[in-house]
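Colleague: Here is what each chain is made of, one letter per residue.
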Amino acid sequence: MQEKYTKKYKLWFLLPSLIIIGIFIYYALFATFYYSLFNWRDFSKYKSFIGIENYKYLFRDISFIKAIKNTFILLLFAVVFQIGIALVLALIVDTLRRGYKFFRTIYLFPVIISGSAIGLLFYLMYSYDYGLLNSLLSLLGKEKVLWITPKTALWAVLIPVIWQYVGFYFVIILSALYQIPQSIHDAAKIDGFSEFKKAFYISIPLIWDVLAVCISLVIIGTFKVFDVVYVITGGGPMDASQVLGTYLYTVAFTGQNQGYASAIGTVIIFLGIILSLIAQIITKRERIIYQA
Amino acid sequence: MRKLYSLLKYTLLILWGLTTLFPIYWVMINSFKPTSEILLNPLSFPTSFHIENYLQLSNYGNINFLKGFKNSAIISFSTTLLVLFLGSLASYAIARLNFKRANLINSFLVGAQLVPAFSIVIPALIVFKTVRLSGSYLSLILLQTACFLPFSILTITSFMKSIPVELEEAAYIDGASVLQTFLKIILPTSIPALVTAGIFVFLWSYNDLFMSLILLPLREKQPICVLLSLVSSAYGTNYGAMMAALFVTIIPVVVIYTFLQEYIVRGLMSGAGIR
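Residue numbers (full-length UniProt numbering), protein chains in the order written: chain R, 1 to 292; chain E, 1 to 275.
Among the hints, a few may not be true.
What the hints assert, rightly or not - Label-pair distances were calculated between CB atoms; the ranges are: (1) Gly236/E x Leu15/R: 31 to 41 Å; (2) Ser6/E x Tyr201/R: 15 to 25 Å; (3) Ser48/R x Ile51/E: 24 to 34 Å; (4) Phe59/R x Glu220/E: 36 to 46 Å; (5) Glu220/E x Ile73/R: 49 to 59 Å; (6) Asp174/E x Thr95/R: 52 to 62 Å; (7) Ser6/E x Ile289/R: 28 to 38 Å; (8) Lys3/E x Ile73/R: 33 to 43 Å; (9) Ile14/E x Gly236/R: 31 to 41 Å; (10) Lys70/E x Phe59/R: 38 to 48 Å; (11) Asn106/E x Leu139/R: 20 to 30 Å; (12) Arg41/R x Leu18/E: 20 to 30 Å.
What the hints assert, rightly or not - Stretch-level coverage of chain R by chain E, calculated; a stretch enters the list once three of its residues show a Cβ under 8 Å from a Cβ in chain E: (13) 85-91; (14) 219-225; (15) 249-259.
Note that these hints are calculated values from the structure, not bench results.
None of the values given here were measured: they were computed from a predicted structure.
Ideal placement from N, C-alpha and C gives every residue a C-beta, glycine not left out.
Sequences and hints are given; from them, build the entire structure.
Modeller: Below is the structure:
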């Protein structure tokens, strides 16, 4: 009796959420793909069907190619440095008896701060006259440096983007390290393993599945980068620091070409999904479950 | 040797810590200096505390940070409440669904989490235009709700599944309706999960730039992050004011972080990382 009575309620409880997600995520995703097949500008009422012309144009669009290239550079550096630095920090903290909470607290600071604040912070640090970096240089008696040029702009945005999320991966990796049973550590000690040897032969192999998850998260995160780049350089100068997100924004809202922007939006989600699938296949290994 | 090694370890950890703390400290001390002093001594502690930079924030051209805070509060609190309200109802239903359907809905939610805002904003703008909501707070609240609901439902559901069914059955036997059971038993028991989800939704909403920038073109309604993104070009060389703007923007986040850190860490580990 109870079952039948509650079934009706369940549907009504579920429906509002499903409708909102259905419209704004799934319908919108399909609509983006649909719009990408049209020549459509200035949010006009009229659009004309052009098939895959927008996608063909992507290959000839120098700015888009630059944005793709930059996104992949960012992705590569993010995988190596975000996870690399986080792993080193976590391995060190794992060997400490105290101080875990202290380091966690300060490393997570940038993670919770908005991308626009981080962006403005670095904008101020890079600035020529009064920036933090040039002040430090003057303190050391060196000449001031112009930090954002077409050659350096990509690095100027890459560093904050990578730096911001190291703390997040640090927390994830450290909690995986803490799950390795004490008996394994004890065994390593008896066998006379140094801390380095233990890290490479025991800790890292044992948390491999978590590192694989981190790589997928980095990939998904990289394709969502926007705020920091938008505030520091806006993608410039001359597309030097353009990434997919900022380029889509520029095309859709400065260039007012919504059809073409939709094609870019479609490419972003496809690349993100395909790459994280590839990463999952490459890093796939048995999940380790410890028994008590 | 052993001591040296230990010293090296702490040095590395503290060096990274300095990269996260020092910039914020630098912004804080400079926000209390007049611009001329920032230019002369960007690294030193202020000679005397000036609050002029902060006083400018409520009125600098058409950028009003007080109004920005008000807008942010309206948007972020509404989004959080709406997400928790809809999310907890949906989670209850999913937690008590049979396995097959729950799996289907689970894939629906996990899939939705993968979609970046870039791939949905243009159609969202058209939807809002059709229902005449363009440029309203409600449009942004609805879009953010859609983006943040999947994570919240997944978090709350996994918690609700751990609530023993016997608890509800007891309530039914005492004559409570489904709604009463939900409000008086399930919701109060689920508070830890609601808090975790609520904090993240609030932070994401408060920190969002992309969606706010696109859905709210009128300066009057823009939240604080959008105003902050304008500052670097609009304030020209008024570095003191930029520092102050930056500092006030991160204060609410730092306060939430200080008091609710444990929840935040727990949420991050359950996959609430990248937004």
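Colleague: All hints are to be evaluated individually against the structure, with a verdict given for each.
Modeller: Okay, the hints, checked on the actual structure:
no.: 1; hint: Gly236/E x Leu15/R: 31 to 41 Å; result: violated (51 Å)
no.: 2; hint: Ser6/E x Tyr201/R: 15 to 25 Å; result: holds (22 Å)
no.: 3; hint: Ser48/R x Ile51/E: 24 to 34 Å; result: violated (57 Å)
no.: 4; hint: Phe59/R x Glu220/E: 36 to 46 Å; result: holds (42 Å)
no.: 5; hint: Glu220/E x Ile73/R: 49 to 59 Å; result: violated (39 Å)
no.: 6; hint: Asp174/E x Thr95/R: 52 to 62 Å; result: holds (55 Å)
no.: 7; hint: Ser6/E x Ile289/R: 28 to 38 Å; result: holds (33 Å)
no.: 8; hint: Lys3/E x Ile73/R: 33 to 43 Å; result: holds (41 Å)
no.: 9; hint: Ile14/E x Gly236/R: 31 to 41 Å; result: holds (36 Å)
no.: 10; hint: Lys70/E x Phe59/R: 38 to 48 Å; result: holds (47 Å)
no.: 11; hint: Asn106/E x Leu139/R: 20 to 30 Å; result: violated (55 Å)
no.: 12; hint: Arg41/R x Leu18/E: 20 to 30 Å; result: violated (49 Å)
no.: 13; hint: 85-91; result: holds (count 3)
no.: 14; hint: 219-225; result: holds (count 4)
no.: 15; hint: 249-259; result: holds (count 4)
Hint violations for this structure: numbers 1, 3, 5, 11 and 12, all remaining hints satisfied.
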